[in-house]
Amino acid sequence: MRSLLRPLQKAGLDGVEMVCADGFIRDVHPIIAAYIADHPEQCLVACVKESRCPKCLIRTEDRGTGRGKQTPWRKHKATAKKLKKSAKGALPTGFTEEGLRPIKPFWADLPHADIFVCVTPDILHQLHKGMFKDHVVKWASACVPGGEHEVDARFQCMPAHPELRHFSQGISLVSQWTGTEYKNMEKVFLGVIAGAAPKEVILAVRGLLDFIYYAHFESHTNASLSCLDEAWMQFHRYKSSFIKHYALSTGIPKAWANFSGIPKLHAMDHYLRSIRLLGSAPGYNTEGTERLHIDFAKNAYRAGNKKQYIRQMTEWLDRQEAVHRFQAYLQWRIPPAKKEVQLERSLHEPADFTATRDDSQASLHPGTLPSSPSDEEQEYHTAPTSNAAHRTYKIPKRPSYPQMKAWEASERFGARDLSWYLEEFLRDEAAVAPTSVLATIPRVSELSRETWLSLYKQISFELPTMTQVSRHVISDVIHATPAESAIVSGVELNAKPARFSTVLAYRSARTQGVDRGRNRRADVSSLSVGLVRAIFRAPDAWSQLAPHPLLYIEWFTPLTTFDPDLAMYSVTPSKSRRHRGFRSASVVPVTQIVRTCHLIPRWGPSIDPDWCQEDIYENCKDFLVNPYLRHSDFVLLRFLHRK
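Residues 1 to 643 in the UniProt record's numbering are what the sequence shown lists, from first letter to last.
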């Protein structure tokens, strides 16, 4: 490292001319500002023992107390002098007390540097793997009556969502964990232990999860940093509950009895100050370097025949760089007009869109969907947010079920009285339609159970960007697919389970208009949760009244009931006024949909053994709206509308 960074000594002092991003040449003084590493390497770089903090002077036995913010940080110049004296055989004052190791640091002569400030937060190893997976999951699971068996059963029954991995065998049998598994566990873990774990354990787990999600913000304000600090304090306030409910019965190492033996817990103390000094934590996440290890080492090794692999890996990387440079050159050389022609052509080429998930994330990829259409349409609609940004939805041009009578759709999709609710919707639209439109369409009363409908398996749309978590447009997919079975050689195979998405939506256009007219961010209390049973278009004869795709939705109660311990909204199925004993339902256009959501059942003290994922919405009568599904959901349901 000393040889690698030696050029920075002269350049940092005297400066060097560099071409900046705007094309101008300026005198720049490059310095070392951040060092990304896990805890052992952080301690090695800081020249301290692994039982001490690489950033501050807190004592080993005090690391779990949460006093790190009040402890003075290590001093770069003073520490460098002590290490220099130690190299000469002396024992400087405070050398042992500060936990230093006799190492000649590479950073001692670097100008304008403070290596202890440069040590950055490590979300992957400190939070996802460290505090959450290695410690809190084990502690909290032991606090649940029934232990791992009860926790596994709840994971198995968890409702599905494209952004969520389903642990079909629970979590106790998973032998190899990755960052993807950690994050997917975090999305539902608080809801899994809800109702079974003691209240203090719930509050401690919630504090940690909130801290992790706030630490993931890409853009911070004083308000978000205050929330980060509050989550940190909440975890420390209730962490003793793990000692009370877990340590006494199971036993943990003595050093962990006061949490002093967990350096990753103490590292959380420094997140707030590091973010203020260096910027948001995701920019320094070791997931980036872990990914480079896959791209530049594992993939390169697998591309050869494992003989003389270093030479083969080097050659493979050289060729990959050459291909990348040539692709960049072609992109630069293609005139803008040709790019537009190619883009226009790609928009009209056949392509299916379906939600798929790999090991890293859930996203939209072109793919083949059985009985699915092969082209797409794009139309723009105003999103129900404070700005007037247009949102795009995509729906297959050819429906998955092109000719199906209303009564058959009601039976196959579980959309009770579909024709009646469609007639009700069209009647409301006709009441405000111009006379010229009404003169060209049949009477709405001509709709019947025999009316032919075109139904779709899915529809996707864009979510509004939230600068706190992402500046990129994210696609959201709504599914409405009935259970399907295949018959091969007269033998009926296992049925493919039904797939119906839950959404946050406005129950009426009037509510949506009032909320948008307030000229502020959407108030979640005006939103309701719904279970989408069918996606379809109105018959051609009434298409002028309903130009956009329609959704048959079974409603839950509005987001008005809030659980203060879980900090989640609670909903129950809304009862129908027309059909006693049945759920309230209606037909709404896709323009009233805000986003998909995820519901977590309220399990109670123990899970009902008759529950399973396929029929959880029929058996369970009380749900929690999951704010941890995506970071954008956390911003909407927790940060912007915090109680």
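If you're looking for bench data, these hints aren't it; they were derived computationally from the structure.
Being a predicted model, the structure only gives us computed values, none of them experimental.
Ideal placement from N, C-alpha and C gives every residue a C-beta, glycine not left out.
Careful, some of the hints might be misleading.
[Claimed, not checked] In silico DSS-like pairs for lysine-lysine, Cα to Cα no more than 30 Å straight-line:
1) K77 / K88
2) K49 / K69
3) K104 / K49
4) K10 / K85
5) K621 / K199
6) K69 / K10
7) K138 / K10
8) K69 / K88
9) K85 / K129
10) K10 / K129
11) K81 / K129
[Said to hold, decoys possible] Simulated DEER-style distance windows between Cβ atoms:
12) E287 / I334: 29 to 35 Å
13) E230 / A11: 38 to 44 Å
14) T180 / K77: 39 to 45 Å
15) T221 / R325: 18 to 24 Å
16) E411 / G304: 56 to 62 Å
Index of numbered hints that the structure contradicts, given in increasing order: Hints 6, 7, 8, 9, 10, 11 and 15 contradicted; others consistent.
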